[in-house]
Structure formats: structure tokens, C-alpha cells
Amino acid sequence: MSRTWLAVLAAVVVLPMAVRHAIATEIWIFAIFGLGLNLLLGYTGLLSFGQSTFFGAAAYVAGYLLKHSAINVFLALAIGIAVGAVSAALVGYLCVQRSGLYFIMLTFALNQMFYFIAYQWTTVTGGEDGMPGIGRPALLAVDFRNPLAYYVFVAALFLLSLWIMKRIVESPLGKILQAIRENDVRAEAVGYDVPRFKLLAFVIGGAFSGLAGVLYAMLFGIVPLEAIGFVFSGNVVFATLIGGSGSLYGPIIGSFVFIWLSESVSVVWERWPLLLGVAFVIVVLFFRGGCVEAWARFWSWRERRRAPAGIAP
Amino acid sequence: MLYALMGLGLSLITGVLNIPNFAHGALFAVGAYFLFSAIHAVGNFWLALVLAPVGVALLGLVIEYAGIRPLYAAGHDYQLLFTFGLSLILGEGIIVVWGPIGFSQLPPSILRGGLDLGFIFYPKYRLFVMVMAGLLVLATWLFLEKTRYGAIMRAGIENKEMVSLLGIDVHRLFTAAFALGAYLAGIAGALTAPIRGLSPSMGVDMLGIAFVVVALGGLGNLLGAIAAGLIIGVAQAVVALYWTEASVAVIFAVMAAILLVRPQGLFGIR
Amino acid sequence: MILDIRGINTYYGLGHILHGLTLGVAEGEVVALLGRNGAGKTTTLRSITGLTPPRTGEIRYKGRDIVGLGAHRISRMGIALVPETRGVFSYLTARENLSIARRPGSRWQVEAVLERFPKLREVLDRKGRLLSGGEQQMLAIARALVTGPDLLLLDEPSQGLAPLVVEAVVGTIRELKKERVSMLLVEQNAEMALQLADRVYVIDHGAIVFEGTPAHLRADRQITMTYLGVGG
Amino acid sequence: RAQAKEVVMLGIWPFTGAFSDVGPILDRGMKMALEERGMKILGRPIKYITRDSATQAGASTRRVEEAVDGEGAKFVIGPWSSGVALAVSEVAKRKKVLHYFSGGTEDISGARCHRYSFQWAASPYTAAKTVVDTFMKANPRAKRWHLLVADYAFGWSVEKYIKEVGKTHGLEFVGADRHPLGEREFSNYVTKAAGNKPDVVAMINFGLDAVTAAREIFNFGLTPKLPLIMSWSSGVEELVQLTPEIRENIWVGSNFYYTADTPVAKEFVKSYQAKFGGPPGYAPSAAYGMTRMLLHGFDRAKSVEVQDVVKGLEGIEVNDLVGRMRVDAKTHQTLRPFFFMRCKPKSAMKNPMDFADIIATGDTPLPAQYAACKDIGSF
Amino acid sequence: MALLRTETLTKAFGALTAVNGVTLEVQAGTLHSIIGPNGAGKTTLFNLLTGQFPPTSGRIVFDGRDITRTPAHRIAHLGLARSFQRTNVFPALSILDNVWIAAFARGRSWRGLVWRRSDRYTEIVERARAALADVGLADKADQPAREISHGEQRQLELAIALAAAPRVLLLDEPAAGLSPDETQKMVALVRELKGRYTIVLIEHKMDIIMGVSDRVSVMHFGSLIAEGTPAEIQRNPEVRRAYLGGMVAE
Ligand SMILES: Nc1ncnc2c1ncn2[C@@H]1O[C@H](COP(=O)(O)OP(=O)(O)OP(=O)(O)O)[C@@H](O)[C@H]1O
Ligand SMILES: Nc1ncnc2c1ncn2[C@@H]1O[C@H](COP(=O)(O)OP(=O)(O)OP(=O)(O)O)[C@@H](O)[C@H]1O
Ligand SMILES: [Mg+2]
Ligand SMILES: [Mg+2]
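Protein chains in written order, with this note's numbering: chain A, 1 to 313; chain R, 1001 to 1270; chain W, 2001 to 2232; chain G, 3001 to 3379; chain P, 4001 to 4250.
Since the hints were made in silico from the structure, they are not lab data. Mixed in with the good hints there might be a few duds.
No farther apart than 30 Å at their CA atoms in a straight line, the calculated lysine-lysine pairs in the DSBU-like style are these [what the hints assert, rightly or not]:
no., chain 1, residue 1, chain 2, residue 2
1, G, K3167, G, K3137
2, G, K3192, R, K1124
3, G, K3225, G, K3096
4, G, K3074, A, K67
5, G, K3197, R, K1124
6, G, K3137, G, K3225
7, G, K3192, G, K3005
8, G, K3270, G, K3192
9, P, K4140, A, K166
10, G, K3040, G, K3344
11, G, K3074, G, K3093
12, W, K2119, R, K1160
13, R, K1146, W, K2127
14, P, K4140, A, K175
15, G, K3270, R, K1124
16, G, K3374, A, K67
17, W, K2062, R, K1160
18, G, K3093, A, K67
19, G, K3074, R, K1124
20, G, K3302, G, K3095
21, G, K3143, G, K3005
22, G, K3096, G, K3311
23, A, K67, G, K3095
24, R, K1160, W, K2127
25, G, K3143, G, K3346
26, A, K67, G, K3160
27, G, K3344, R, K1124
28, R, K1146, W, K2119
29, G, K3163, G, K3143
30, G, K3302, G, K3040
31, G, K3197, G, K3167
32, G, K3005, A, K67
33, A, K67, G, K3302
34, G, K3192, G, K3167
Here the structure is a predicted model, which is why all the values come from computation and not from measurement.
This is chain A alone, in the form it adopts within the complex (with noise of 0.2 Å):
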């Protein structure tokens, strides 16, 4: 096992000791989302800002039948995972062929348009109201409704997503979304089909947003509207962004900073928004490549710092 495993494993334990365990969940379940993302954006180089139509579809589509049909967790997280792949793969279908800005757009405005058919189908989605009263059934004895529990759940879930996750970069689709966000006219040349490739992508991100929908949803009882607004889909970007979009574990880090900044920030001053605002600005004119890279130059830094000094007779 390696040492960033040891480190992720750590983090896992640690973390409801240090914050309570509602953040803790919601920082894995975040994680998951950001690593859905980081398929897209760090792998594939294809920057969506509408991941919260997969996330808030699956939610809000386990949501229902949680309330309604007593369904068990991992039949709710299935078709979690199967409505995010599904909206994944429609929404896909229309933004693949795009490109740049326009596929940035496109994404945004789709989302946009998933947003209002939930604000507005009040009679499934309960509006603006949100969809509350989703319950999260006991399984094999094990009573989630202990935060401590799910929290466990959640974080076995997420460490199962980061290594399916850790698989699929290693594995030559990885490689082969690498090669297309390199050079796509080359992967196309060489025998890809990049658009069927971009889609799949688009699909296994769809699908991990889907399983973070429903560990939402869970988590807080409801299904708020805003887990299916663009601003929900700008988060995500942005925590994964300020970890660092070139590395499977930036994602992690950034949905922590991300959350706890914004829950400590937000109990602090009530312009909060304003200091997100400035720390973005902050982040893109200084700090490019986020915190895996802040951290890469901090540690290079200090070796050129200590070299000469060992060098030196």
C-alpha cells in the first residue's frame, strides 16, 4: 500500500474526530463528486459546469422512491449511479460534438434548463421546498440514521470510489482520455473514436455525481433544489480546481478545503460570498494548479533551499 493510500486511510479516520461527522460525510461525498469531475476535467480536459444535473437527477430520482417504496440503500445507490449515467450520457450526447467555450456553455445552459423543470414540477420535486423526508433504511442491523454509521458507510464508499476511480486512470482508457485532451485530430488518427470516448467519460462522471446525488440526498433527509443548480455545479469545478485538476487526489483535497472554508467563513462574517470571490481571484492570479501544486513548488522550494547547504563542503 502506498504512502498517499496511508495518508487518504488517515485523513478517513481523523476526520470525524476533527470536525463533526455531518461535514465529515459531506467532504467524502463531495470527494466523489469531484472525482466524477476530475474524469472530465483533468483527464479528458472537457471543463462541464452542469455536473449538478447528474447529481441532482439521481437524487432526486432515489429520493422519490426512497420516500415512497422503501427501497434498501445499495438498490437506492444503483439507480443513483444509473440515472447520473443515464442524464450523463443525454446531456453528453449534445455537448461531446462541442468544444471550448461552447461546450462550457452548453453544459451551463442544459443544466440550467434541468434546473427549472425541478423548480417548476413542484408536485415530484417539491419546488424551491426541496424533496424532504428521505429516510435512510437500516441495513443488515446497521441503523444509518447514527451519523457515525453512514459516516463509515459513506467513507468505505468513497475509498471504493478512489479506487475505482485509481483503476480506471491506470487503465488504457485513462491513457487513451489523456491522449484525447493532448491532441484529439492524433487520438482520432491513431483508431479512437473520440466522441464515443468523450460520451464514456462523460458517462463514468455522470454515474460517480449519480452516487454522490443519493449520498446527499441521504445525508440531510431532503433533496434541496439547489443540488441540481449551476452554482452546485461551480462548486464543484472550483473545489476541484483549487486542489489541483492534474491529480486524481486534488479533487479530495479541494472538496476539503472547499467545505470547511465555507462552513468556517460562513459562521465568521456574513459577506462571505465576497471572500470566496476574492480567494478565487486570488487563487487563479496566483496559484494556478491549486493546492497539489502549491504544495509541489512549497516542497521544491524548500529542497533548493537545503541543496546547497548539503552540497557545500
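Following the hints, position chains R, W, G and P with the ligands against chain A.
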């Protein structure tokens, strides 16, 4: 027409500068608030209507110079992060400066009341806005299509290096394009204020629509943005009459439908 | 010397392209720069025009160091480039292509340039992308001329042109020379370059490997074989 | 530990997001009510904390849970928007903490009622009855009504009751258009309303929707020729966003108006004016009023335990902010008067905040056959 | 029978007809060169053959099979690999990954696409390493492609084409930008490959063309103006006028 105006400004910035400007809605709101303050400062609607968008353009100038210029070479992700952060700052800034509660701004007295057009009673101010927006769109279009500057900007869309080889300062050109885009957002906001009033959230409300207009019109296609703005305005008005619940979602549905048929947008070439 | 390049080093990101390159162009002189693909000819021109400024070294134009000035400033000092990609704006008409380059004090106004390329007059209102390759090349040269340059940089001006048009370009270069415009000519068509040039440089891997008159170069089989791939 | 004796109260207010305008003033109201008691209840210190609801159900849920778990908050007041309130109400139920809310959802004391949540605002029925009865008394011939309704549960229920009450007056509803929440382009609705040639336009919407629509109705020249009724308005907060010209001939139903003629209101308005330089609107008053009711509940229960306070509130009857107030033990609905005002023309305004006169109050409770809260349940 | 054949293949970009009625036959196992002035349409012809864009009219037949409107990635699977005139690699990927990507595309099976670790495909890795060894890049396998010199990128360009184990190799100016000795190496390599693959070669360097080609076709303004053995082409007056000019002869 207002949609067209918004779309035009955004299309200019996204198309010419290749920057996803999520702060465009915030600039729109700032335009409205500048108008409000300017009226209180100079006591004259018309003068304020001239001053407010110029103020927004100046703000745009500063933003471009200080923030956007270093980002042309960075990826869209960072540009997006920046403009989104900017929109948060501007939006919250409005609350800090003008307070969280909205205002009403009456039209100038000669434009109050309405005209009976026989089949419909229509407020004079709305007619004025339509004419103004039409004129502005026309002026912008003429400026970009018929003058040397317009040609330069369109050339800049295609090939920055070549433009600078002709002795033209591309940076200044882009600053000007951004300022012009900000100006259009600002004047759209100022013109809207007497209709929809002012509130800190007005920018966010408008942003989604502006993006749809640009996507539909084709990136950087100014004429397309105008046409898309009109189409969306009409579609929304018609749907609101028959199926009110859908009047917002329809904008996006129309977009999705058109993009299915024409993936490059209505008039897109790329 | 109207242009005096001394020991410039130019990079693309990490790629070190020009290695201490030195060359000069005298007033009213036509200088040819020859070399294989990727030797750094275009990079030399980009260095001069400020598109890819050298990191070190000196470029003096009319006695003034122009390294680090913006491309537009350098252009306004009287240096014009006809790029190898032509750089015709495809969504502007030919007339607009010319009009955005126009400068008040230029010694060639649009009319004067059109006199030189009568063919262009017929296509003035056509969008750039509809022009034929030859027309595009003419337009690129015309556009460089209306800026009124004292130093004209030509990057493969004969590229993709029919022999007759090549003749026209050759003719134009000769006339410009009579008007004492200095020129730096990059050409794959070595024969044409050698006919026109007063002096020749051969560049390889970003450094000058030969300097002399065309006659000298023709005589030097070694150089032509090794660096130009011709003359065998 | 000293801390254990503290009573922790949470104000969950919208400091950012859609209703960021009212967050700070809600906070003021609650703080004033607590300070009146010297931040003490039954000899124990009160610790007042706030959280930002952001008008997002998810964020509110998260933050209330955090305040309950982390800060030991046991009494929650707020937030502002109905949707978010229902989410907070769920948390209250789950975490077994007391929740008091004021706003336009019937569900808190209706379909989704439970032992821990209370509703301070009048029932939509009370509002509809007050509005229609009073308006018809003043304008007996205005029988053709056009309704403009926000398209969600609150709008539907008020619409239902207005039509119900309207029957007794023989009203003809010439149109009833629903608009989505957050609509900003009302020109089409207004044109349609004008086409119906009504005697009066009645709006059932709230906040920015109501303000934007009222403005548009004026722009299209309907007001002041026709009367416009804002059936369920926040009063000051909405009226201040309009100009005197627009307000002319607007009639307003509200849960509070600062000229309310009760001793508590007079005292509150005076100290609020002195502190903040303007009269309180509905928001600070509701926060103030709810906090006072909650404290009355403590007094009656003589305990600081959540379940005791709940029991203390159930059936309590006091003369407070808006007059005689009673908490219905079966539904947790606060039974109380609703206000109906008429806006003043510019010339009659004594100061810029002198918007309207109260012309009537009404307190008819929701008839039992409509009550959706069949069983309030146990703890 | 010809392995690769075009029938009156035409490609117009608006008013410009870049490839005009080209009918060409490439026999299996031969090295067939295409020469012609800049802008004659040679690269465009390659782009048509590999499906980068569809022709305006005409047909392409590969191994008896009509591939005229087959998309690029499908054509690559059929065994048509190309190198690009402008270096066109995956800059952030390592040299080995660059080649690996091409090798995997033509791998026997894509089983385990999203799951199996990519270094477990031993056969693919071997083929990739062999291609790198062929062009002399084996010892740089782990460097990112963006950090190697221009000449090495040209070699990588060729390795990517080779790794696909193609049946026909389309080489677009493989020697452009190579220093003289590297050019020599390239010529040697092309000679060696000649036995193994069917090769179509575009080159401006006449010494290479004349040295290695079995047949030479000459394009001019989109059309084929001549075809023959190197010796015939060198003697053809029209070719000399259109392309070779005065430079080659003496
Ligand atoms: N944008 C770029 N980024 C990185 N490297 C580049 C870039 N442009 C050119 N190069 C490299 O710089 C070197 C010199 O290129 P340059 O274009 O100057 O050659 P040239 O002599 O003009 O060749 P040609 O005859 O093909 O035009 C080449 O190795 C090329 O690959
Ligand atoms: N996508 C395109 N759109 C429009 N015109 C194009 C396109 N691609 C190539 N052309 C034009 O088609 C003509 C033929 O181009 P092509 O690249 O095939 O020439 P070539 O024979 O390969 O020349 P070279 O020897 O310089 O590589 C050129 O004039 C070129 O400008
Ligand atoms: Mg070049
Ligand atoms: Mg070519």
C-alpha cells in the same frame, strides 16, 4: 431586445476574447445601480443614462487590465474561476454599497404612462427601451461591421498575432472590446432598471439567458446574438401566455432543440 | 545597417530555437535567409517582429534596440512581415484586410498598391477565405506594403504560387528594391532567392552557418548539399 | 460547567442568497426580544447564535444540524423562506429541538405538522378572509377580480381561500394566472390581466416577485386606475422598494404593520425606531414576535427543557405584539390578527416611511374542515 | 492487385479544389512516392485516405473494400497509419505512452478497457517498445514528449505510425526538420521498412525520393500529372517544368 443587448455584449467578450465571462450578469446589475446613484447625484435621468454605462465600461477596463489580461493564455477553467469569483465580489459589493434591499426607479416623467396601440396598451418607457436597444444594437453592429475598428476587432477574433503585426495594439484592442462588452451590459442594466427595478440578484437572473443567447447565436457571431435574443424574447412571451409554468424552462428547451438540429448554433460557423 | 541582429537566443517555452544568431541587413539591400525546415528562419522573423522576442541578444533597427517592444510598436517603426501562413483574415473582405493595415503617413496608399497588383482590384469585396492561394499571397504582400515599411520581411513569398505569380512577386521585389526598401527574404525556392539577393545567409539549427554573396554560395557545394538539400 | 446552564437559541437567517436583504433585520428583531429580558430566561443565561440559511435547504439543514450538535442549540427560530423552513422543520423533528417559524407555508401547521414546529404567521385562510371581507366592504362594486398567483403551494392555498371567501360576496374571478417563482418578466401577465377588464387585480405572491409585478402593473397603467391588492405582503420591506407613485391605490394584507395599535407593538416600534432610525417591517417584527412567544412558553412551562417548553406553548394565550394571540395545541398554528392596509398617496405621507393606514384587522381562524394537520403526533 | 486505390478522388474547399480527380494505385509491398509543389494537395490526399475529412467526390478502395466515407478511427483500425507533416504528438504524455496509445488502438482486443492496468498488456507494451527501438528512441521512453528535440519528435511521429502495426504506412515528409545525419538514418529506416510494409511517402527531398521509391506520382494543383519510376519522372519534361525546375538537374 434587452436579451439581444445582453447577448451582444457577452458575445463580444466570449467571441473576441475567448473568455467565458460569468461576471457579465454582475456588470449588468452594476449598470442598473450606477444609474440609480447617478440619478441621485446629478438629478437628471438622461445624463445618468449616459454616465452609468460609461462607469461600467471603466470598471470593465480596470477588470480587463488587472485580471483578465494575464489569463488569455491560461485555460478556460481558470478564466471561469476568475470571472465567477469576480461576479461574487461584484454581487456582494452591491449589497455592501447599496444595501441588500432593492429599489424602484421610475422612468423620467415624459416616458411615464403608456400608449394605446389599439390592440394593446403599452408603456411608453418600454417602447423607448425597445427603440434604444434597437438603436444600440444597430450602432454596435454598424460599428463592428462597417468601421475600421469593427474590422480590426473581427480580425482579432481570428488571428491576434497578425493584427499586432499590422501595428495595432492587440492588448489595447482587447481591453477596448472588454470595455465595450461591459458597456453594453451596463446600458442594458441601466435601461432595465425602471422596468424591473433594482435588486442585488438581478444580474444572476439575467446571466443564464445571456449565455443561451450567445450559444444559440453562435460564438462571436454578433448578428446571431441579436437574432437569438429576439427569438428567445418572443418564444418566452408566447409561451408565457399559454403555459406560464414553462416560461423560463422554455428558453433552455428552445436552445436544446435548436442545438440538436444545428450543433453550431443558429448562425455559427465554427 | 538598417537591421543588426547580434547573438540572439530565442525560445518557445523550453525549446531553445535560435542559438546566438547574428545577421544584418543594410539599407536598401535584399538579404536571403535560407535553411531547411525547422532551421529557425521563421523564428528569426518572429524574433525581429516581436512575436517571439529573444531572451538574450540584441536586435538593432535603425540604431535602436527593439528587443522587448510589443509587436505593434515594432510594426509602427516600419517593419512589415509577410508571414508564411499568409495571415489573411478570412471573414474580412480584401478591402477590409487592406484598410485595417492602412496608415496615414505611409508612402504606399491603398491605390498605389492596387496599381501594382491589378488582380486584387477585381476581388476587393470578396471575403478573405474565398480568395485563391495566389490572391491571398498577393493580398498579404499588399497588406504589408500599405503599412509603409522601410524593412520588409518575406517568409516564403513564393509558397504555393503558380510560376506566373512567382514572376510577379519577383518583379515586385525588384521594384521595391529600386525604391530602396530593405528586405529580408526567407525562401525554400533557393533559385529564386539567389537571383534576387545581394547577400545570402544559411541558417541551421538556429545558427548562421554561411554568409556571403549568391555567387559564393553557388560555388560552395558543401554548404548547399548539407544545409539546403539541393545542388546534388 | 457554567456552560451547561446556558440556553442556546439559534436564529437561522438568510444572510446571503435570494433573501439576503432580510437576514440582518431578522437578526435585529430576535436580538431585541432577547435583550429585553437581559439575555436571561428563568435565571439562566441565553446564548444567542446565528447561522446563514443562504435560502438553501441543503445549507440550512447542514448548519442547523451543526448548531444543534456542535453548539447545543435547542431552540431554533427562522428561517425566512417557506421551502427552507420545511427543511429546518425536518431537522427539528429529527433532532428534537423546538422550531418557531413565520411565513407563508400552511404545511408547518398543516400537512407536515409535528410536535416541535410552530407557525407564527396567520393562516392563509385568516389572511384571505380579512383581505376579501375588508376590501369588499370598502369597494362593494368591485366584483370582477383578476388573480395573479405565485405558482407554488402557498399561492395555491391562498388562491383557494380567496375564491372560497369570494363566493360569499358574489365575486367573479375573470382570470387567475399563475407565474413561476422568481419570475422577472411580468409584461405578458399584465397584458393578459388588462385584457380581462377586471375591477381589481389581486396578487398572491411575495417579496421580489410581488414588487416586480406591482411595478409592472403600474408601468402598464393599470394602477392607480384600478386597485391592486397585495394579499400576503411583508409590508414595509416590499413597499419601500416601490415609489409613492406606484403605491397609489395599492391595498396590502400583512402579518404586521408598524402602526399596529397594541402596547407591545408601540413599545417595540419606538425602541426599534430609536435604534435603527426607521420603523420595523414585517421581518424584524416577526423575529421579535416569535422570540417573545417562545419566551412566554418558557415562562409558562417554568422549564428550559425542549419538551416542557413545547407543552408550555401549546394552548398558551397572551396579549402580545399583534394583539390577542393563542397557540392552537392541535396544529401549532398561532391564532392571531391579520392586518389590511391601504397605501397613502404621496401628499398624505407624513414621512418617507409612512406608507399606509391599517384599515382593518381580522382573526377568523381556519375552519376545522380545512385543517390539514390531523394529528400533531407525539415527541 | 492494388492494395490501395483511389478513383477520381476530389476534394474542394469552397472555391479551391485541393485534390482534383486523382486516380492512383499503390501496389502491395511497394514504396510509392508522391511529390509536387507546395499546396499541390498531397497532404490533403493523405487526409482523404485516412478519413480526416470526406472527399467531395470519388472513391477510395483499400484491400478491395470501399472506405470512402469511413471515419478516421475506423480506417486506422483497418490498418492505414500515417505520420503527420507537422509534428502531431501527445505532448504531456511520455514517449512510451505516446506509442502505447497507438499500439493499443490496434491491439487484438480491448478487453479490460476500463479496468485492467495498462502496463499489464504485455504484448502492447512490447510492440510499443519495439517501435521506439526501430526509430532509436528506446532510451528516452519515459520522457514527456514535449521535452524532446524537434528531430526526436519527428522520429516519435514515425514510431507512433509504426506501433499501429499497419498494412499501409503513409509518411508525410518524415525527413523534414531532420539534420543531415538524421536524414541519413531516416532513409536507412525507410529502406528497411520497405520490405515489411506498403509505404506511401511524401517528400520534398529529391535524393530520398529518387533513392528509395519504386514508383513516383507527381501532383500539381490537385491533379496527378505524371507517374513512373524515379528515372522516368526525372526525365519527364512536364514534371521538370512544374516541380523539379532547374534545381535538380545539373
Ligand atoms: N510554437 C512553437 N512552439 C514550440 N516549438 C516551435 C514552435 N514553432 C516552431 N517551433 C520549433 O522551432 C524550430 C524552428 O522553427 P521555425 O518555424 O523557425 O523553422 P523554419 O526555419 O521557419 O522552418 P520552415 O522552413 O519549415 O518554415 C522548429 O524545430 C520548430 O519545431
Ligand atoms: N482544411 C482546409 N480548408 C481549406 N483549404 C485547405 C484546407 N487544407 C488544405 N487547404 C488548401 O488546399 C491546398 C492543398 O493543400 P495540401 O496541404 O494538400 O498541400 P501539399 O501538397 O501537402 O503541400 P505541401 O507540400 O506544402 O505540404 C492548399 O492550397 C491549402 O491551402
Ligand atoms: Mg518557416
Ligand atoms: Mg503537405
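Results for each hint:
no.	hint	verdict
1	G:K3167 - G:K3137	holds, 14 Å
2	G:K3192 - R:K1124	holds, 18 Å
3	G:K3225 - G:K3096	violated, 52 Å
4	G:K3074 - A:K67	holds, 27 Å
5	G:K3197 - R:K1124	holds, 21 Å
6	G:K3137 - G:K3225	holds, 19 Å
7	G:K3192 - G:K3005	violated, 60 Å
8	G:K3270 - G:K3192	violated, 44 Å
9	P:K4140 - A:K166	holds, 26 Å
10	G:K3040 - G:K3344	violated, 41 Å
11	G:K3074 - G:K3093	holds, 12 Å
12	W:K2119 - R:K1160	holds, 27 Å
13	R:K1146 - W:K2127	holds, 14 Å
14	P:K4140 - A:K175	holds, 19 Å
15	G:K3270 - R:K1124	violated, 43 Å
16	G:K3374 - A:K67	holds, 21 Å
17	W:K2062 - R:K1160	holds, 26 Å
18	G:K3093 - A:K67	holds, 17 Å
19	G:K3074 - R:K1124	violated, 56 Å
20	G:K3302 - G:K3095	holds, 22 Å
21	G:K3143 - G:K3005	violated, 59 Å
22	G:K3096 - G:K3311	holds, 13 Å
23	A:K67 - G:K3095	holds, 19 Å
24	R:K1160 - W:K2127	holds, 18 Å
25	G:K3143 - G:K3346	holds, 27 Å
26	A:K67 - G:K3160	holds, 28 Å
27	G:K3344 - R:K1124	holds, 26 Å
28	R:K1146 - W:K2119	holds, 24 Å
29	G:K3163 - G:K3143	holds, 12 Å
30	G:K3302 - G:K3040	holds, 13 Å
31	G:K3197 - G:K3167	holds, 20 Å
32	G:K3005 - A:K67	violated, 39 Å
33	A:K67 - G:K3302	violated, 39 Å
34	G:K3192 - G:K3167	holds, 23 Å
The structure fails hints 3, 7, 8, 10, 15, 19, 21, 32 and 33 (numbered hints given earlier, in ascending order).
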